[in-house]
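Using the sequences and the hints given, assemble the complete structure.
Those sequence lines, one after another, are chains A and B. At position 425 of the first sequence the residue is numbered 425 (our numbering), and the sequence of numbers has no breaks. Take the position in the second sequence, starting the count at 1, then add 1000; the result is the number in our numbering.
Mixed in with the good hints there might be a few duds.
[What the hints assert, rightly or not] In silico lysine-lysine, DSS-like type, Cα no more than 27 Å apart, as pairs:
1) K390(A) - K1077(B)
2) K1023(B) - K390(A)
3) K1030(B) - K354(A)
4) K8(A) - K1077(B)
5) K362(A) - K1023(B)
6) K391(A) - K1147(B)
[Said to hold, decoys possible] Beyond 12 Å from chain B on every Cβ pair, some chain A residues (computed):
7) D222
8) V277
9) N436
[As the list claims (entries may be wrong)] Not close to chain A: a few residues of chain B, all C-beta gaps over 12 Å, as computed:
10) L1059
11) K1147
12) L1309
13) P1310
No lab work stands behind these hints: they were computed from the structure. Being a predicted model, the structure only gives us computed values, none of them experimental. Ideal Cβ placement from N, Cα and C applies to all residues, glycine included.
Now for the letters of each chain:
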Amino acid sequence: MKLLTFRKGVHPKEFKELTEHKKIERFPTPREVFIPLFQHVGSPAKPIVEKGMDVKKGQVIGESSGFISGYIHASITGKVKTVDTFLHPLGYSDKMVHIVATEEGESKVIEEKRDLDKLSGDDIVSIIEKAGIVGLGGAAFPTHVKLSPTRNKKIDTFILNGCECEPYLTTDYRMMIEFPEKIIKGIQIIMKALGIRKSYIGIENNKLEAIQIINGYIKDYDNIEVSVLKTKYPQGAEKMLIKAILNREVPAGGLPMDVGVIVNNVGTVAAIHDAVVYGKPLIERVVTITGDGIKEPKNLLIPIGTLVKDVIEYCGGLTGNKIKVIMGGPMMGIALGSLDVPIIKGTSGILCLKDDKGFVEKVYPCIQCGNCVSVCPMFLIPTRIAHFSKKALYKEANDYGILNCIECGSCSYVCPSHIPLVQYIKIGKFMVNRLNKKE
Amino acid sequence: MDKNKKNRLEEKLLFLSPSPHQKSGESVPKIMWTVVITLIPASAMGIYFFGLRALWVMLVSILATATTEAIIQLLRKQRVTVYDGSAVITGLLLALVLPPAIPFYAVIIGGIFAIGIGKQVFGGLGYNIFNPALIGRAFLQASFPVKMTTWTPTILQQKSWMNAHKVSQATSNAVDAITAATPLGSFKFEKTLTPYIDLLWGNVGGCIGETSAIAIIIGGLVILFLKYADWRIPVSYLGTVAVFGGLFWLINPQQYPDPLFHLLSGGLMLGAFFMATDMVTSPITPLGSWIFGIGAGVILIIIRLFGGLPEGVMYSILLMNSVTPLINRYTRPRIFGERK
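Written out as structure tokens, the structure is:
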């Protein structure tokens, strides 16, 4: 069978063996959580709780504050100690609700059972919005916005993104193996909400067990199909995935809905299922804790707001003294400057890397090797764009298509001169966007 | 949580750096030294055919380029980066495109010129426009035209010459002074073809590292396989030479040599695999690589067939180097999702 894929990209070593056979474990209720009001793309939520208030697990504590925004819920039952600024994993300080647990042991989520047949498409989207569901693949785009395409855009296909192309991470893989029924049902809910006829489940061929299990569950549905994809990075990028499965090219500057497609990741679809069927808001998520710098790598179901420090301790602590702790995968994740930051909705992994090879690589001048050009999945010229950005030539950077960069990091990955290309490009994108806004 | 545990965790030194946190493991020194290694077959054949003097030319040349690089970097108060291997490649490549009997002082001058004018004046590694080794050679060609076109026969050729003329070893020392024509020269000026087997194996007069096509191809295939050179460049360069050169041969086989002769003779193989593919001075876009190779091939044939010199590899590559920035600019690939 010919494996589906996109052009270019890279093949990083996978390191999935550390956690791929570890069952998802429930993390014990933490004694305190710090829940940021800003956990998604768009505007932050408005807090509706105050210091001293009692909150129940699953209760709304932050309200959506605009079209692209999201609801935030308490992830444990307890007392609001304060609503104040604390360190955010993205590297700045931001407003968070600090809740200290009051009840011993497991507390129940506020739940309501629903009859799926009686729900309309709009009902479903509204439930998803109220449940505070955002894309759990890492970008954290509010899901209800994605599922509300502008009227003139007809969506004909749904794609479940089961690629998990980042090395080390195994959350989506474990979920597909452990909760296939939930995922398939979640797909049907989305299909119902938008009147979609056909769905594809894109899984890379390094996840054979997941492919087998999912295939077993969809035998009876002729409108859901598994697409086996070549293991390649960034196969899980929406535009790459749509190109590989449907051979449709999302226009530059456009969105998947421009070619009639909605893409969601495995965790997101499972959360949609839980929200619609059980009325459970997004208050916990599966996170892969892994790397050579952690004693016991695990896949954990963790309440949102749990401190990274507590999670690391639960996994036996760090090994080695000089260590890099990354939130997310190795290709796009963010190195943490403090472990006193919470797990947020977009946290797919906590990767702990030991300094045995040396983190610092000597940077050489660009030798024009063209490796970055030959791997860029967006067909850009990263070396030129990075150069323009470095020299503050933002107009030139824009002309060379800097805004099309998906920040996958493939260029930096292959650069023999170890130039932080994607870093320069990210800064350039920020500046170009700012200048475009001013005009 | 008990206090000790907490403190232990906070003692850890967290390292910060931008993503990606996993890299391919490639590095500039790794690429450079690998290219040096892949030049060993061609260098070894040069020593086999032209004797130890060829080895000395290589060592002198490498010493000249490496020292020049270090001195200039010291003078400019930069970090000395001789160990990255790029100056060594320049030195080795320069030696491989020099005649075996070239005087050492010329080798040294060529090496100084290659690094000084060919590379460091532009800003060092990555910033030079022209292939430094070829700049060094071009300078020597202009300054010492006679020494640069005085060819010695290979050791095997000398032996068969001695057998044929029944001369003793004593008189054969004079052989060194005898000049031998290169295959391209023989054809250009006398219309005699050299047997293909000699061209392939390298038992012909010529520059130290240019004669053995097979040795160059072996090393060249390794760098293509490792993706340290863009395969499009040798394919389009050699392909154009074969097709464009073949066209003239079809028109007049008496006047012009056949494509295979073109491919195997002179410095074409070394140029195609190791000079034209120099990352710094060749285009970075795939389409640019095709244009670069085709352009070099056309220039080569024009010089070989109509020029005053029998060989055109050096000029064909240098001329294409000069338009590489332009090629890069006009061959920007279509961005994913962009409609042109």
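For each hint, the structure was consulted:
1. K390(A) - K1077(B): holds, 23 Å
2. K1023(B) - K390(A): holds, 22 Å
3. K1030(B) - K354(A): OK: K1030(B) and K354(A) at ~24 Å, within 27 Å.
4. K8(A) - K1077(B): violated, 40 Å
5. K362(A) - K1023(B): holds, 13 Å
6. K391(A) - K1147(B): violated, 47 Å
7. D222: holds, 31 Å
8. V277: Given that every Cβ of chain B is farther than 12 Å from that of V277(A), nearest at about 36 Å, it holds.
9. N436: Holds, because the least Cβ-Cβ distance between N436(A) and chain B comes to about 17 Å, which exceeds 12 Å.
10. L1059: The claim stands: L1059(B) keeps its Cβ more than 12 Å from every Cβ of chain A (closest is about 25 Å).
11. K1147: holds, 33 Å
12. L1309: holds, 29 Å
13. P1310: holds, 32 Å
Hints 4 and 6, counting from the list given before, are not met by this structure.
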